[in-house]
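Student: Knowing the structure of chain A, use the given hints to seat chain B with the ligands on it.
Protein chains in written order, with my numbering: chain A, 1 to 527; chain B, 1001 to 1096.
Because the hints were derived from the structure by calculation, they are not lab data.
Treat each hint with caution, since some may be false.
A few chain A residues that face chain B, going by a derived Cβ cut-off under 8 Å, partial list only [to be verified]:
(1) Cys91
(2) Gln94
(3) Gly145
(4) His217
Backbone N, C-alpha and C fix where the C-beta goes; we use that ideal spot for every residue, glycine too.
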Amino acid sequence: MGVDACRGVISVVERGKYIKAAVNSGKIMQSITEHKGCRASAKTGRASCGSQAGRGDLPVEIWERVKNHPCYSEDAHHHYARMHVAVAPACNIQCNYCNRKYDCANESRPGVVSEKLTPEQAVRKVIAVATTIPQMTVLGIAGPGDALANPAKTFKTLALVTEAAPDIKLCLSTNGLALPDYVDTIVRAKVDHVTITINMVDPEIGAKIYPWIFFNHKRYTGIEAARILTNRQLQGLEMLSERGILCKINSVMIPNINDDHLVEVNKAVTSRGAFLHNIMPLISVPEHGTAFGLNGQRGPTAQELKTLQDACEGKINMMRHCRQCRADAVGLLGEDRSAEFTNDQVMKMDVHYDLEMRKAYQKRVENERVSKVAAGQKELAGVSGEMSAITVLVAVATKGSGLINEHFGHAKEFQLYELSTSGAKFVGLRRVEGYCQAGYGEEDRLSVIMRDIRDCHAVFVAKIGGCPKSGLIKAGIEPVDQFAYEYIEKSTIAWFRAYVGKVKRGEIQHVQRGVPPRWPGDRISAA
Amino acid sequence: MCSAACPRVGLEIGSLRRKEEYVPFKIIASQCTSCSACEPLCPNVAISEKGGNFVIEAAKCSECVGHFDEPQCAAACPVDNTCVVDRALPRYQAPV
Ligand code: SF4
Ligand code: SF4
Ligand code: SF4
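Isolated chain A (complex conformation):
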């Protein structure tokens, strides 16, 4: 699809805190909490800085609920998959970044269309996927419109799935307008997680984002519309929190409209019990035909996004691995296997739900996670004694499972890890997939990747060709392939240890790479 190529590159980097979890006889225990240089936690006195690495300081009960959820736990996203079923085409509001020829841009990347399903077709698809991809643990209803603007279809799908596949966690996404009316239905439907898209808490700003809403059989416009919407969203969030449902807040960052204001939004949702805040970049190009696309509203740069995410981190976990998946996405985050599961194909498949097989598979995944963490811990023990202020950023080519298992030439995205004596911390993603299409030769792809990861000291890959290898070395980025198919954390820490050693012995000099420009940090911290 042509529009895919125009998709913005989302790159998120974050420095600061680090949590590492050790797994002990099935129970995850926090073993190291290192928050040196953690601005946010120093400020709040909080021991952890997110659900990135492992359990951190999450209460056991919450960790149990999020540990298999690829969106709610950064660590889980290496191992577990989610799927969305597109059963909810209608919407009850209009957003300026959305063109409803396509899917909802709140939860999906704009410019893609999903195959709409009936609840019965959706359930068949869920079972087919659950059987083929046993690490699929989460089903979400995220459009293509608003889950709660299609209550009959949404709740019917959830009920059918609960019946057929009781071990699958359910989530749904909503703009929040109808939320207060459905909170009890959501509880009854055993929904684990709800995502609410909240872009503002100030109706004046809301009027610039939402031209109208449809509420109580009336169309409202302007500030009145935005006031109703924000009241309903916050009320819905409070009601869900009271009932113990985990809420993730999605916010679309729109430069010069709500960028600075999202700090206020962050405070408002934190105080109302939201669990995770996911600030996503506006993706805006004229071809999508959205109001913002047509009026030239730009999206934020990776750096602007990171600065804002950093400014918001503190009392609430910030999500930094969101892939803005489409409403019919299937698979691990970052991969999309929806093409294998079109309605036609699903109808042809022999679907039979095998709970035992899924349980056994997931047990193996858990064992993998345990050994991954243990291997990382062991490696870390070697560096933690060293006192070194050096932090370096490295890029990793991976297909999942926490392994360095992707060929440099095939990587659609690189995962960024920040390495320091406190360990390896996942800090974001750099996408390159949009560029590897026809019209771009190898040469171009390489220079695009080098630009995207220019702030990295090394790139870890399973394999790399001679040409890109020398290109990277010339650009000062070390291609590392001796850790092929090994665990990311263990390998990156081992490399880091050697790096620090070389610096100490004076063999090489540590240089900070490509420090990106600051923006709008000053304004934000003043706000």
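Tutor: Showing chain B with the ligands alone in chain A's frame:
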């Protein structure tokens, strides 16, 4: 009596209109995204999906008069000027 019970218009007795007097709405198929937002909102169940397209049965449409202040399909439709008055059909008396 009948005026109070009438789900359609609730007009004064004596001024009950025949169904042609309503202004039927239609959906401009080329603009419709088939999002289904309008369908459950129609108080007269005039909207249905026919082979992937949403259509309004003109004979059932009352322009929502007596039910709501605005035509529901037009108010909820995400595409401007897609649920519109069908001028091709007779219109004896525009509602005030
Ligand atoms: S869009 Fe973001 S939150 Fe939703 S499934 Fe994808 S990664 Fe998770
Ligand atoms: S105007 Fe009202 S009665 Fe007519 S089709 Fe639309 S919703 Fe139904
Ligand atoms: S609301 Fe509009 S776009 Fe959606 S199905 Fe009805 S007529 Fe079509």
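Student: Indicate, hint by hint, whether the structure satisfies it.
Tutor: Taking the hints in turn, this is what the structure says about them:
The closest approach between the C-beta of A:Cys91 and any C-beta of chain B is roughly 6 Å, which is under the 8 Å cut-off, so the hint is satisfied. Interface restraint check for A:Gln94: the shortest CB-CB distance to chain B comes to about 6 Å, inside 8 Å, so the restraint holds. Using the Cβ-Cβ criterion of 8 Å, the hint placing A:Gly145 at the interface with chain B is satisfied: the shortest such distance is roughly 6 Å. The interface hint given for A:His217 is met, as the beta carbon of that residue sits about 5 Å from the closest beta carbon of chain B, less than 8 Å.
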